[in-house]
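Visitor: On the provided structure of chain W, position chain F as indicated by the hints.
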Amino acid sequence: MSPSNTASKHFCSIQVTSENGALCIINPLFLHEHGDTWLTDSSQNKMENRMSVPWCYGQSGNRGSMDWRRMSIYGQRPGNIRHGKEDVIKKYSSETDGLLDVCRRLSIGKDNEVAVQIENSTTGICLNSEVMTQKKTNPPETAKEAFEGSQEENVPLEDKASEWRNNLRQHRVSWVEVEHSAELKKCSSETSLSSSDSFLLPPPPEIDSVSISSIEEDMDCHSINSGKKYAHGLGDMVRHSLLAVSTILSGLVSPEKHFSNRIKQLAEDPSCYLGSMVQRFYCHMFKESGQYKSSIDMLQNIRQLITNLKSHLLESNEIWEILEHQEIDEYKLTSIVEASLYKCVLKPTQDVIYSQLLDFHRNDGSLTKLLENQEKMKRMSSQNLCSGVPGPVIMEKIQNKLSLMHITYSPEKMIRHLLKVCKLIYESMETASGKKGAFGADDFLPVLIHVLLSCDLTSLQLDVEYIMELVDPSQLQGEGGYYLTTLFGALYHIGSFNTVSRQLSAEAQNSIRQWQRRRTVYYKSTSQNRSKNIKNENSDAQSTPEKDVKE
Amino acid sequence: MAAAGGGGGAGVSKTYSFKVVLLGEGCVGKTSLVLRYCENKFNDKHITTLQASFLTKKLNIGGKRVNLAIWDTAGQERFHALGPIYYRDSNGAILVYDITDEDSFQKVKNWVKELRKMLGNEICLCIVGNKVDLEKERHVSIQEAEEYAESVGAKHYHTSAKQNKGIEELFLDLCKRMIETAQVDERAKGNGPTQSGTSRRGVQIVDDEPQAQSTGGCCSG
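Just so you know, the sequences run in chain order W and F. Residues 14 to 564, numbered by our numbering, are exactly what the first sequence covers, in order. Residues 5 to 225, numbered by our numbering, are exactly what the second sequence covers, in order.
Any given hint could be a false lead.
A few chain F residues that don't get close to chain W, going by computed Cβ distances all over 12 Å [unchecked claim]:
no.: 1; residue: T104
no.: 2; residue: K113
no.: 3; residue: N125
no.: 4; residue: L138
no.: 5; residue: E139
no.: 6; residue: E141
no.: 7; residue: I146
no.: 8; residue: E148
no.: 9; residue: E150
no.: 10; residue: S155
no.: 11; residue: V156
no.: 12; residue: K159
no.: 13; residue: H160
no.: 14; residue: H162
no.: 15; residue: K166
For lysine-lysine, the following DSS-like pairs were computed, each having C-alpha atoms within a straight-line distance of at most 25 Å [what the hints assert, rightly or not]:
no.: 16; chain 1: F; residue 1: K166; chain 2: W; residue 2: K448
no.: 17; chain 1: F; residue 1: K113; chain 2: F; residue 2: K140
no.: 18; chain 1: F; residue 1: K140; chain 2: W; residue 2: K345
Don't read these hints as lab results, they were simulated from the structure. If you're wondering where the values come from, they're calculated on a predicted model, not measured in any experiment. Cβ atoms here follow ideal geometry from the backbone N, Cα and C, with glycine treated the same way.
With the rest of the complex left out, here is chain W (with noise of 0.2 Å):
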């Protein structure tokens, strides 16, 4: 596959047509971007919204009761696909069908009017600005090309993968309305579960990990929004329309999407050495678990194999063929990386990391004597109330932030939830006190446990563990490092309660040292990396204003 192809590939478009008959295009690159989860029935709220804005462009009328009907129409790259050809041509003659059908009652009407649409999905505004225009053509026909075009390009792969996909599909057939688009629904999905999702997902488990993402991403979304609407009102949605706006045209994906979309592409593709690292990690992980030692043994080795990942990556020449064209700091670059390994590692693999991290604890008999103390503590803290805890309301925020957490598989994510839980903590330790701010250790840390004592320990005990473990060691000596060992800290408070020793455990000493003998470790393989002078120099901009010291 040449770059130049794909290049041209991108742009075919997914059509969204609406009841009262206009088209939309969707490009997938947005899809690519965010997802298809926007289009789903229960963000059917969500979208009357966004159809109301007033530069909605193509809707007379009926606005309020936009009934989304998708389908998919659109080549896909070819290393994208991963179902075979037969399987397509036996499936597209049963679905050109309703295909038609729906095209034919979809786009009656409409002239001329396509409205392409454009969310953002983490502000959650969206808006309907490009105008496209097409012709009155017989809507089937483009459809039947379409999709003749697009299966022109599928390339048979392996049978696994397409048993993965089928599997996966299967969690998607679920938002689709009507029979007929539910097959094209199908095959709408396999593009959407392309961009977000690594595709050669083997089966998840139990819950489906498209799933999970989504749950993750709208309530966030869901949050802001409501924060925003009443905070901003409209003024900000046009401001930040204006802007989404003005970054689709001066480029249609900003460079660190691309750049991270570029890493997921290589993740996927097995011939290049970072998707044939992600794929034998996956088979190890879903055939040969419970080989690890112990969990820190899976831990450490996941970490490793990220961060050798990373110093690939950075020093590969693909990766700096297309930053030639992009703007993109190399502490920036770093992140990204970081970011997208996380996806393309632990997302898929998030579940099985957990239950065999359950196992582990559950053989040693650390989760038991955890929740063991945390009743007698319980019981005893009922007692001698320390001030500041936080009230049942706030309690539950706590408690939904801490299980957010545990749903989430991203590491610095999970730390960016925590973060929200201390500050929850403090805040009522304010209200409590009266004083504005400046808590110190001595009074944050028994409101923490008080706080722990009713929430699940064994989800956080494993949390705190992957977290530690997995994030990249340098996040650790900031704030999030700070109350993730605050945390680790207290659970290991609670979790040792009523022994008589002073002293932290052998065992505890020793994991110390080797937690920093590893740092040391992973500072050696990053470190043989390019050097990034400006790393460090962009590294400050989160501190506080710089003061001047005489010597």
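Guide: Chain F only, in chain W's frame:
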């Protein structure tokens, strides 16, 4: 393990990232001390802004940039065992006692022993007698404290968080010593940037930067 290599390129000045841990019994004034030092310079990029448990400060010492991360610890006796979790990987430790409280000085001695045992000589130790504004009630003699500090390779400081005395000097001095240690370390390892070279990035999540901005005020809601 101390310094951050600012870069391999000649002429690029280095940025050092140091982690400093605050140890000492409850009520000796650890928190006030660090608050005083970072007063009005809170980092509003931190999610838990305006809290004293974790603070950062940027310094420029003779052209060398230093990012300081100050980790507070809970001083209560029942949390003593958590110490190593906090002080692992630190470049410096500030051990605070209350000059009116003999016990708190004893605690400092215990910490020194533990730190030397766990981290060896790589960590820069500062022993700080706080609350010198209460000189009349002093229970720890200056001579004893200074001699002890010298005997364990630590430096001794007198501070008053209340009157803002001696605090700037304490941190400045500590930073200079940590830079020295880092440079020695660097030379020993052959001029390469050292381990925490990429550190002090805090909790930046590039993946959803815009979201981070827009979430700003509503994490509680």
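Visitor: All hints, please: hold or fail.
Guide: Here's how the hints hold up against the structure:
In this structure T104 of chain F is separated from chain W by more than 12 Å, as the shortest Cβ-Cβ distance comes to about 18 Å. Its beta-carbon lying about 15 Å from the closest one in chain W, K113 of chain F satisfies the requirement of being farther than 12 Å from that chain. Taking the minimum C-beta to C-beta distance to chain W, about 15 Å, the non-interface status of N125 of chain F holds against the 12 Å cut. For L138 of chain F, the shortest C-beta to C-beta distance to chain W comes to about 20 Å, beyond the 12 Å cut-off, and the non-interface label holds.
Non-interface call for E139 of chain F relative to chain W: holds, since the shortest CB-CB distance, roughly 24 Å, exceeds 12 Å. At roughly 22 Å from the closest C-beta of chain W, the C-beta of E141 of chain F stays outside 12 Å, upholding its exclusion from the interface. Distance check for I146 of chain F against chain W: the nearest CB is about 26 Å away, which clears 12 Å, and the non-interface claim stands. The non-interface label for E148 of chain F is consistent with chain W: the shortest C-beta to C-beta separation is roughly 25 Å, beyond 12 Å.
Residue placement check: E150 of chain F keeps its beta carbon more than 12 Å from all beta carbons of chain W (closest about 25 Å). With a closest Cβ-Cβ approach of about 23 Å to chain W, S155 of chain F is found to remain outside the 12 Å limit, as its non-interface label requires. Against chain W, the non-interface label of V156 of chain F holds: every CB pair exceeds 12 Å, the least being about 20 Å. Here K159 of chain F stays apart from chain W, with its beta-carbon at least about 17 Å from theirs, past the 12 Å limit.
Annotated as non-interface, H160 of chain F keeps its C-beta farther than 12 Å from every C-beta of chain W; the closest such distance is 21 Å. With a closest Cβ-Cβ approach of about 20 Å to chain W, H162 of chain F is found to remain outside the 12 Å limit, as its non-interface label requires. Consistency note on K166 of chain F: stated as away from chain W, and its beta-carbon is indeed over 12 Å from all of that chain's, at 15 Å minimum. At roughly 18 Å between alpha-carbon atoms, K166 of chain F and K448 of chain W fall within 25 Å of each other, so this suggested pair holds.
Only pairs whose Cα atoms come within 25 Å are accepted, and K113 of chain F paired with K140 of chain F is accepted, the gap being roughly 23 Å. For the proposed pair K140 of chain F and K345 of chain W, the alpha carbon gap of about 55 Å is over 25 Å, so the pair is violated.
Violated hint: 18 only; the structure is consistent with all others.
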